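Engineer: Here are the chains, one letter per residue:
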Amino acid sequence: MALLLDQIEWDEPILSAVDDPAWEAEAKRRVGRVGEIDRRVAPNPWIRELCVAAVSYQPTHVPMRLFNIAAFVTAQENACRYCYGANRAALKVMGFPEALIRQIERDASVAELDVRERAVIEFCRNLARAKPRPSRAALERLVGLGYSKATADELALLIASSCFYNRIGVLTACPPERAFERFANGPLGRVVGAVAPLTLSLTNLMRRKPQIVADDANELADGPFGKVAAALAGLPAARIVKTALDGAFASPVVSRPTKALMFAIVGRALDCRYTEAAARALLAADGFDAAEVDAAVRTLAHPRLPPRETALLPWVRDTVHYQTPAVQVQTRALLNDIGRDATLEAIGVAALANGTVRLAMLLE
Amino acid sequence: MTTAWVAAAIVVAGGIALVAYLWRRAAQLERLLAESKEQLERLQRLFERFVPGDVVDRLTDARDEFPPLRRHVTMLFADLRDFTAMCDRLDPAQSVAIVNGYFERMNAAITRHHGHLTEVVGDGLLALFGATEPNPWQARDAVLAALAMRDALAQYNAELRGRALPELRFGVGIHGGEVVCGVMGAGEFSKFGVAGDPINVASRIEGLTREHRVDVLVSDDIRAALDAGFRLRPMPPALVKGKPEPVQTYYVEGLRS
Chain A
1 MALLLDQIEW
11 DEPILSAVDD
21 PAWEAEAKRR
31 VGRVGEIDRR
41 VAPNPWIREL
51 CVAAVSYQPT
61 HVPMRLFNIA
71 AFVTAQENAC
81 RYCYGANRAA
91 LKVMGFPEAL
101 IRQIERDASV
111 AELDVRERAV
121 IEFCRNLARA
131 KPRPSRAALE
141 RLVGLGYSKA
151 TADELALLIA
161 SSCFYNRIGV
171 LTACPPERAF
181 ERFANGPLGR
191 VVGAVAPLTL
201 SLTNLMRRKP
211 QIVADDANEL
221 ADGPFGKVAA
231 ALAGLPAARI
241 VKTALDGAFA
251 SPVVSRPTKA
261 LMFAIVGRAL
271 DCRYTEAAAR
281 ALLAADGFDA
291 AEVDAAVRTL
301 AHPRLPPRET
311 ALLPWVRDTV
321 HYQTPAVQVQ
331 TRALLNDIGR
341 DATLEAIGVA
351 ALANGTVRLA
361 MLLE
Chain B
1001 MTTAWVAAAI
1011 VVAGGIALVA
1021 YLWRRAAQLE
1031 RLLAESKEQL
1041 ERLQRLFERF
1051 VPGDVVDRLT
1061 DARDEFPPLR
1071 RHVTMLFADL
1081 RDFTAMCDRL
1091 DPAQSVAIVN
1101 GYFERMNAAI
1111 TRHHGHLTEV
1121 VGDGLLALFG
1131 ATEPNPWQAR
1141 DAVLAALAMR
1151 DALAQYNAEL
1161 RGRALPELRF
1171 GVGIHGGEVV
1181 CGVMGAGEFS
1191 KFGVAGDPIN
1201 VASRIEGLTR
1211 EHRVDVLVSD
1221 DIRAALDAGF
1231 RLRPMPPALV
1241 KGKPEPVQTY
1251 YVEGLRS
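As you go down the protein sequences, you meet chains A and B in turn. Reminder that position 314 of the first sequence reads as 314 in my numbering, one-by-one numbering, no gaps. Numbers in my numbering are just positions in the second sequence, counted from 1, shifted up by 1000.
To be clear, the hints were calculated from the coordinates, so they are not data collected in a lab. On a predicted model such as this, the values are computed, not experimentally measured, just so you know. Glycine is no exception: its CB is placed at the ideal position from the N, C-alpha and C atoms. Some clues are possibly wrong.
[What the hints assert, rightly or not] Computed far set for chain A versus chain B, every beta-carbon distance over 10 Å:
| # | residue |
| --- | --- |
| 1 | V93 |
| 2 | A137 |
| 3 | D216 |
| 4 | D271 |
| 5 | Y274 |
| 6 | R298 |
| 7 | T299 |
| 8 | Q323 |
| 9 | A326 |
[Said to hold, decoys possible] The following label-pair restraints were derived from C-beta to C-beta distances:
| # | chain 1 | residue 1 | chain 2 | residue 2 | range |
| --- | --- | --- | --- | --- | --- |
| 10 | B | D1227 | A | D6 | 39 to 45 Å |
| 11 | A | A217 | B | E1188 | 54 to 60 Å |
| 12 | A | D289 | B | R1161 | 51 to 57 Å |
Whole structure, please, built from the sequences with the hints as guidance.
Structural biologist: Encoded structure:
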């Protein structure tokens, strides 16, 4: 049963905020504000880029209302105090009544939502929870309820993206956006919430038609776990996913074989054959034979990895299904062992692997 | 004319009264619904004290009845040594408080390593790894849990010593194999559990900890699933009830630094 906001135990920040005025200006230009997470991931180019891209992403097929509900439910399932609080506040300023928000977070039969919206909530919870990870058939059910295939695919992307972002929040123990939460729950927030539905309706009317991006699926598929990006061909998100995966594997902070093994372990934990096979292909290119990879995934250890990275294999496994306080304690221990830069990159890789494996349902 | 106005006023007043009544009734129903939901939530949280949370989630979801299945599961049996004799010496409330403190610490160690406590009988416990969902690292998790239990017991004993209370000692046996998992029992008295020969073997291995005078023993199957990071010492093969051949076990000394 998913925890409620005040039930989530949250540690002191594991990564401190870093001042980077140039990056903050860029983030503010693209998102409109600089969040606590942006300040913590600022030193790592591919992670900070993906965080901004995730927050500023404008869905092209999923209606905004559904998008916001999906982000809220996923954050709750992932027990991310930071994202849960921020998404809850966002729902309030968008005019969602407190009673409806409570019903959604308590997983009650919400009379105000139609059958299709309730099915989306169930899908969000199941994909975020991944016990077991839903198969393509779950998306087919959404299509059966009248959603287009593009909407269902984009919904899977949004949940996977939230799973990435939620893990960044949890693993950095990012402090909640208290000021925004206070604003949303205060009188000014209520006023904004009262006019928001009208404003949003007007914005939706003026919204451009779904943008179809002419991407070459073969080009998207070329690169680490590229088939996942290629499965999104046609959506603006495909390029974001590809850039993130390429960036993660090109970054020198954590070695490439360690990152590939981290993906293989998350793939094994969530029974994703594609991810494990793609990770094995990357490792083969780096000179690791199949038996070595088998042993590494089975024992969560490998003698050929750089010594300071050996702790990442058992740790990444604990980022799949976790209890927030326990995984934050483990991540703090990691910080003491391997330092800030490597911990930040490890957090990014773990979060990206969790998002990618969930998104890989599109390939099955 | 006046009569018509009076009639209209009566109709309007009646309408207003009806709307007010329906409004009040709807509010009452909403409150009732919210209270029922809260009550259900409380029940679900209470239920989670007896059954793993994942199983509760699946059972409360109307579309999932948790059908029985055959699955590879690792079982950890733990039993307190001489606790019954200790109970005879201590005040009952004190005995219960000591054993509850023990279970609380053991449960935390087990949960931290992806296992769940499925059964508590007297001073013994059974924990399962990989029963509610496939877990490729279940043997490793179970042994790490046993080591965490050993550390937790040492800390608890230091507390008990400080309060001039008797210390506790335990034996832990770990074995894995294919078992049937599901909700078992008679109607209202059902619980999530496992059935199969590997459970008996795990229990017998726990029994061997007395014979070998060690605290944590694992079977050969578990040893084969562990990497070189664990320090294991082979014990002499020993006959156990229900097995024609002697059983090879290994004492878990700890982790290599």
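Engineer: Which hint numbers does the structure go against, in order from smallest to largest?
Structural biologist: As far as the earlier hints go, 4, 6, 7, 8, 9 are violated by this structure, in ascending order.
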